[in-house]
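Spelled out, the chains give:
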Amino acid sequence: MGTEFEWPWQYSFPPFFTIQPIVKTKEQQLASWRNLICDYHQHHSKWEVDGAVFENGKISRRLSPAAQRVVLQDLCDQGQGIMEGERCFVLWKSVAQWGSLIHGWVSERGLTGTVLTLFEIHSGDDTEGQPFYGMDVWLLQHVITMLGKEGKAELMMGESEDFSDAGVKFY
Amino acid sequence: MGSLFSKKSTPKSRVTEQDQAVLKLKQTRDKLKQYQKKIQLNQDKERKLAKQCLDQGRKDKALRLLKKKKFQDGLLEKTDNQLDNLERMVSDIEFAQCEIKIMEGLKSGNEALKELNAIMSLDDVEKILGDTEDAVAYQQEIDAMLTGTSIVEFDEEELEGELDAMLAAEEESKMPDVPVSGIDLPEVPEHEVGEGEKREVKERPRELVAG
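These protein sequence lines are chains S and E, in that order.
Our numbering puts the first sequence at residues 1 to 171.
Our numbering puts the second sequence at residues 1 to 211.
These are calculated hints, taken from the structure and not from any lab test.
Check the hints yourself; a few may be wrong.
[As the list claims (entries may be wrong)] Label-pair distances were calculated between CB atoms; the ranges are: (1) S:Glu4 with E:Asp55: 31 to 37 angstroms; (2) S:Ala31 with E:Asp55: 53 to 59 angstroms; (3) S:Ser12 with E:Glu94: 52 to 58 angstroms; (4) S:Ala31 with E:Leu66: 54 to 60 angstroms; (5) E:Gln36 with S:Asp136: 19 to 25 angstroms; (6) S:Ser60 with E:Gln36: 44 to 50 angstroms; (7) S:Ser100 with E:Asp92: 31 to 37 angstroms; (8) E:Lys78 with S:Ala31: 53 to 59 angstroms; (9) S:Glu6 with E:Lys31: 39 to 45 angstroms.
The structure presented is a predicted model; accordingly, all values stated were derived computationally and were not measured.
Glycine included, each C-beta is placed from N, C-alpha and C at the ideal position.
I would like the entire structure built from these sequences, with the hints used as guidance.
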């Protein structure tokens, strides 16, 4: 990436890596984790949770697996993350916001009413500069399915179940 | 907007068979593009390797690598052509879909026009115009009766003569008769006029005017 990611002060603060017992403190702590996770993943354009964010080698601290689960559960409860089986995706933009961005791009290019593959949306030549470029294909189909509930898109399944050859028609 | 669809059943699909065909074509296009990217990456790697070999003086290996690169260039060109074919087919299908929409539009416009024409047959129009003409003529008759003009013809010349006579009579009664005889003017006294007489003279003209 261009600029170096700026870690927040909490990241260098050892207690940050232990879930705090006092409710008020815990709330603030979890909020800081949510911000850190979103900022980090947005900066690196990573869609699935990257374990590197949970540890700081410089102070020899890291969140225990149990603590990570607490943090991620909180992330999802607040709508900034979404679980799919074992995988957790970071939503630095909400699903609705992604839907609106993608639909906006499709409308601008006059592509409504035509068929697109999911591949060309997340890895196509035309989408290279877009914020959704490189989006994980499961997350992409989820966003599209949500758009589908508003009648703005229709997911078209391909032959494989992992959505690698799925398509979409926008309205 | 979610309330448009019932929560139990899935909304009706608006994906046609042609859309499925287009999806398949685009999937193939994607695969070709991925293949091209792979070959290009490979080429970059081998170009670097060839350079290294040259630097190390291993000319024969470098030459082999270059031959491989040439072969891959050929592959890339072929895939480019395939891609062009695919893109052209996709755009043909999409254009045909547009044309179908245009035809449907024309068809429904045509049907709408036919229906409107059916509502108004030519006989109906003639009948309405005829009825209107009759009504207008009837109205004109009533007009004529109300304004008092009869259908009986009268002598215009006689009427004009009468009119002139009427006008002449009116004029006469309005204007006073112009007196033909001269007005009696007072005689000019020959002798000097006294005070009393002067007064008399002054009064007399006034009398005449008052008359």
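Consistency of the hints with the structure:
1. At about 35 angstroms, the CB distance of Glu4 (chain S) to Asp55 (chain E) agrees with the hint of 31 to 37 angstroms.
2. For Ala31 (chain S) and Asp55 (chain E), the hinted distance range of 53 to 59 angstroms is satisfied, since their beta carbons lie about 56 angstroms from each other.
3. The supplied range of 52 to 58 angstroms is met by Ser12 (chain S) and Glu94 (chain E), whose beta-carbon atoms lie about 56 angstroms from each other.
4. Taking 54 to 60 angstroms as the suggested C-beta distance range, the pair Ala31 (chain S) and Leu66 (chain E) conforms, at roughly 59 angstroms.
5. A hinted range of 19 to 25 angstroms holds for the C-beta pair Gln36 (chain E) and Asp136 (chain S), which are about 23 angstroms apart.
6. At roughly 47 angstroms, the beta carbons of Ser60 (chain S) and Gln36 (chain E) sit within the given window of 44 to 50 angstroms.
7. For the pair Ser100 (chain S) and Asp92 (chain E), the beta carbons lie near 32 angstroms from each other, so the given range of 31 to 37 angstroms is met.
8. Distance hint check for Lys78 (chain E) and Ala31 (chain S): the Cβ-Cβ separation is about 56 angstroms, which falls inside the suggested range of 53 to 59 angstroms.
9. A C-beta distance of roughly 40 angstroms is found between Glu6 (chain S) and Lys31 (chain E), which places it inside the suggested range of 39 to 45 angstroms.
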